[in-house]
Amino acid sequence: ILSNGNKPLKVAEYLGDVFDGVRTLDFSMAPKTGHMACGHKAKDGEFVSWPMENPGPFVLEGPVEGYLAGLEAHIRLALREILEQARTTAESWELGDRPRETWLDDYCAQLSLLATQMIWTEETARAFEDMEAGSETAMKDYKRINDDRIERLIRRVQKEADKELRTKVITIITIDVHSRDVIENFVVQRVSDATDFRWGSQLRFYWAQCPTGANLVSFTPQQQKTCVIKICDWVTVYLFEYVGNVGRLVITPLTDRCYITLTQALNLSMGGAPAGPAGTGKTETTKDLSRALGLPIVVFNCSDQMTYQSTAQ
Numbered sequence: 218i219l220s221n222g223n224k225p226l227k228v229a230e231y232l233g234d235v236f237d238g239v240r241t242l243d244f245s246m247a248p249k250t251g252h253m254a255c256g257h258k259a260k261d262g263e264f265v266s267w268p269m270e271n272p273g274p275f276v277l278e279g280p281v282e283g284y285l286a287g288l289e290a291h292i293r294l295a296l297r298e299i300l301e302q303a304r305t306t307a308e309s310w311e312l313g314d315r316p317r318e319t320w321l322d323d324y325c326a327q328l329s330l331l332a333t334q335m336i337w338t339e340e341t342a343r344a345f346e347d348m349e350a351g352s353e354t355a356m357k358d359y360k361r362i363n364d365d366r367i368e369r370l371i372r373r374v375q376k377e378a379d380k381e382l383r384t385k386v387i388t389i390i391t392i393d394v395h396s397r398d399v400i401e402n403f404v405v406q407r408v409s410d411a412t413d414f415r416w417g418s419q420l421r422f423y424w425a426q427c428p429t430g431a432n433l434v435s436f437t438p439q440q441q442k443t444c445v446i447k448i449c450d451w452v453t454v455y456l457f458e459y460v461g462n463v464g465r466l467v468i469t470p471l472t473d474r475c476y477i478t479l480t481q482a483l484n485l486s487m488g489g490a491p492a493g494p495a496g497t498g499k500t501e502t503t504k505d506l507s508r509a510l511g512l513p514i515v516v517f518n519c520s521d522q523m524t525y526q527s528t529a530q
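Note that our numbering has the sequence shown beginning at 218, numbered continuously upward.
Calculated from the structure, these hints are not laboratory results.
No residue lacks a Cβ here, since even glycine has one placed at the ideal position from N, Cα and C.
Heads up, some of the hints might be wrong.
[Claimed, not checked] List time: in silico DSSO-like cross-link candidates among lysine-lysine, alpha-carbon distance up to 30 angstroms:
1. K376 with K447
2. K447 with K504
3. K224 with K260
4. K258 with K227
5. K260 with K504
6. K249 with K260
7. K504 with K249
8. K224 with K249
9. K258 with K224
10. K499 with K260
11. K227 with K260
12. K380 with K357
[To be verified] What follows is a list of derived Cβ distance ranges for each label pair:
13. Q530 with G313: 49 to 57 angstroms
14. A490 with A425: 28 to 36 angstroms
15. G313 with S527: 29 to 37 angstroms
16. P428 with Q530: 31 to 39 angstroms
Using the sequences provided together with the hints, build the complete structure.
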């Protein structure tokens with residue numbers, strides 16, 4: 218990478234070693250020199266085209282470490298812009314001519330899922346408000362809507378032959394089933410208060426300004442809205458680390474408890490230590506949490522030969 222810094226096409230071959238989800242860039246605007254990119258390709262084949270207006274194409278010039286750092290920030294800004302479009306269009310799933318099962322064709326897997334989770338958070342909060350206003354069946358009605366949406370996604374995936382799209386829809390169904398189970402528990406246990414711990418202990422996704430005074434790391438300009446995540450008393454900002462079209466784990470009660478424990482550890486600037494037998498999913502659960510938060514994650518196995526020099530590398 219360092220010896221080919223002024224040849225972006227050569228550097229692009231090694232992007233997969235630097236980024237977790239990105240394999241290469243789309244150089245269709247400057248195919249000979251590669252000094253301008255307008256989208257990125259994932260390792261699993263997913264392609265994301267960046268919005269032409271904001272942030273627009275990215276120019277790869279100057280020292281390689283400079284433009285790679287710029288590329289990282291540019292991808293995050295592009296994903297935030299696409300998420301805003303996805304969220305705006307998602308509000309008309311039930312009303313418009315683009316129901317959710319066809320709406321998700323327009324967006325990459327990561328943002329389709331994130332927009333879905335944001336809409337779920339908003340609609341659940343609205344159901345709680347309706348219950349406080351006297352509507353006893355608000356949560357039951359919302360569970361019916363959830364069931365219907367999952368049913369339609371299942372019908373879509375049964376007819377779909379495209380492997381990439383199947384992975385995307387199955388990921389959304391996986392998280393949706395957990396969201397539906399949460400609502401079902403609220404109905405069975407008669408939870409009617411939005412301050413209840415059973416609601417507070419779930420990962421909740423809001424479209425809002427970055428909270429000021431909390432000293433949070435955010436890659437979104439201060440005046441723009443971004444995805445704010447809350448769980449218990451911890452608040453963070455979605456960091457838009459691109460992961461590609463990867464599946465997500467089924468969320469069990471144990472996963473929920475791991476999420477609460479690990480996010481509280483992050484809240485207190487401490488470490489978490491999931492313990493258990495080999496192959497039970499400790500690492501995978503931690504990776505899954507990082508995907509849910511859009512956080513970069515690095516996994517390495519420690520051995521007794523490991524020194525501080527090898528960790529630094």
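For each hint, the structure was consulted:
1. Among the hinted pairs, K376 with K447 is inconsistent with the structure: their alpha-carbon atoms are about 36 angstroms apart, more than 30 angstroms.
2. For the given pair, K447 sits about 18 angstroms from K504 by alpha-carbon distance, which is consistent with the 30 angstroms threshold.
3. Using a Cα cut-off of 30 angstroms, the hinted pair K224 and K260 holds, with the two alpha carbons roughly 21 angstroms apart.
4. At roughly 16 angstroms between alpha-carbon atoms, K258 and K227 fall within 30 angstroms of each other, so this suggested pair holds.
5. The hinted pair formed by K260 and K504 meets the criterion: a straight-line CA distance of about 17 angstroms does not exceed 30 angstroms.
6. This hinted pair checks out: K249 and K260 have alpha carbons roughly 23 angstroms apart, not beyond 30 angstroms.
7. A C-alpha spacing of about 38 angstroms is found between K504 and K249, which places the hinted pair above 30 angstroms, so the restraint is violated.
8. Taking the CA atoms of K224 and K249, the gap is near 10 angstroms; set against the 30 angstroms cutoff, the hint holds.
9. For the proposed pair K258 and K224, the alpha carbon gap of about 19 angstroms is at most 30 angstroms, so the pair holds.
10. Note on K499 and K260: the hinted pairing holds, with a Cα-Cα distance of about 24 angstroms set against a maximum of 30 angstroms.
11. In summary, the hint linking K227 to K260 is supported, as the alpha carbons are separated by about 17 angstroms, within the 30 angstroms threshold.
12. The straight-line distance between the Cα atoms of K380 and K357 is roughly 35 angstroms, outside the 30 angstroms bound, and the hint therefore fails.
13. For the pair Q530 and G313, the beta carbons lie near 52 angstroms from each other, so the given range of 49 to 57 angstroms is met.
14. Checked against the given bound of 28 to 36 angstroms, the beta carbons of A490 and A425, roughly 32 angstroms apart, stay inside it.
15. The beta-carbon spacing between G313 and S527, approximately 54 angstroms, falls outside the hinted interval of 29 to 37 angstroms.
16. A C-beta distance of roughly 36 angstroms is found between P428 and Q530, which places it inside the suggested range of 31 to 39 angstroms.
Checked against the numbered hints given earlier, the structure breaks hints 1, 7, 12, 15 and satisfies all the rest.
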